[in-house]
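Model the full assembly from the supplied sequences, consistent with the hints where possible.
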Amino acid sequence: MKNKEHARQVRDTVVKKFKAGFGYKKISQALNIPRSTVQAIILKWKEYQTTANLSRPGRPSKLSAHTRRRLIRDAAKRPMITLDEQQRSTAEVGDSFHRTTISRILHKSGLYGRVARRKPFLKDIHKKCCLKRCSGQMKPKLNFLATMQDVMFGV
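Quick note on numbering: the sequence shown equals residues 1 to 155 in the UniProt record's numbering.
Note that these hints are calculated values from the structure, not bench results.
Treat the hints with caution; some may be incorrect.
Claimed, not checked - Here are the simulated BS3-like pairs of lysine-lysine, each with C-alpha atoms no more than 25 Å apart in a straight line:
| # | residue 1 | residue 2 |
| --- | --- | --- |
| 1 | LYS16 | LYS46 |
| 2 | LYS44 | LYS17 |
| 3 | LYS46 | LYS17 |
| 4 | LYS4 | LYS16 |
| 5 | LYS19 | LYS62 |
| 6 | LYS62 | LYS25 |
| 7 | LYS128 | LYS108 |
| 8 | LYS46 | LYS77 |
| 9 | LYS44 | LYS16 |
| 10 | LYS62 | LYS77 |
| 11 | LYS25 | LYS46 |
| 12 | LYS26 | LYS16 |
| 13 | LYS44 | LYS77 |
What follows is the structure, encoded as structure tokens:
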């Protein structure tokens, strides 16, 4: 989660009070901001001699956190969904991403191999062979009443 950035005027005020001789605690109480924030602003000012927001390395993410969670939720809910279908569903919402971007997001979250279910082509002869093999392995069912009559009456 991105931390809240303070306005430039607030950071300048912190530096002015520090130059005037105030301590971290007094500055934080006067401006009603945390002491650690005051400390961070002053340390940054000491190192870079500026209170401006410095540029950070790296390109910002194209996906928002909300969209990322929605993609992961959809893929987990429907494992057989294709990347093209997900791409179309995100385009309907208003976000357009490449298939590889969606794939990368899903892989980072641990969702791999969203493939279609195996659908074997079974003809009647294949079904009969399967039934024959299974019926040979199953034990024959015994009629409970017939066995009890044999035991009790000796029939």
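Exercise. Taking only the CA atoms, is the gap from LYS19 to LYS62 under or equal to 25 Å?
Worked result: violated, 41 Å
Exercise. Is the Cα-Cα distance between LYS25 and LYS46 25 Å or less?
Worked result: Roughly 18 Å separates the two Cα atoms, so the pair holds.
Exercise. If you draw a straight line from the CA of LYS128 to the CA of LYS108, is it 25 Å or shorter?
Worked result: violated, 45 Å
Exercise. Regarding the pair LYS16 and LYS46, is the alpha-carbon distance no greater than 25 Å?
Worked result: holds, 13 Å
Exercise. Does the structure keep LYS46 and LYS77 at a Cα separation of 25 Å or less?
Worked result: With Cα atoms ~51 Å apart, LYS46 and LYS77 exceed 25 Å; violated.
Exercise. Are LYS4 and LYS16 close enough, with their CA atoms no more than 25 Å apart?
Worked result: holds, 21 Å
For this session: Assess, step by step, whether the Cα of LYS62 is no farther than 25 Å from the Cα of LYS25, and give holds or violated.
Result: violated, 39 Å
Problem set entry | LYS46 paired with LYS17 [C-alpha distance capped at 25 Å] | holds, 14 Å
Problem set entry | Holds or violated: LYS44 to LYS77, with C-alpha atoms at most 25 Å apart | The hint is violated at about 46 Å.
Problem set entry | Given pair status - LYS16, LYS26, alpha carbons within 25 Å | Status holds; Cα separation ~13 Å.
Problem set entry | Pairwise hint evaluation, LYS17 against LYS44, where the allowed Cα distance is 25 Å at most | Given pair LYS44, LYS17 holds - Cα atoms ~15 Å apart, limit 25 Å.
Exercise. Would the pair LYS62 and LYS77 pass a check requiring their Cα atoms to be no farther apart than 25 Å?
Worked result: holds, 23 Å
Of the numbered hints listed earlier, those contradicted by the structure are 5, 6, 7, 8 and 13.
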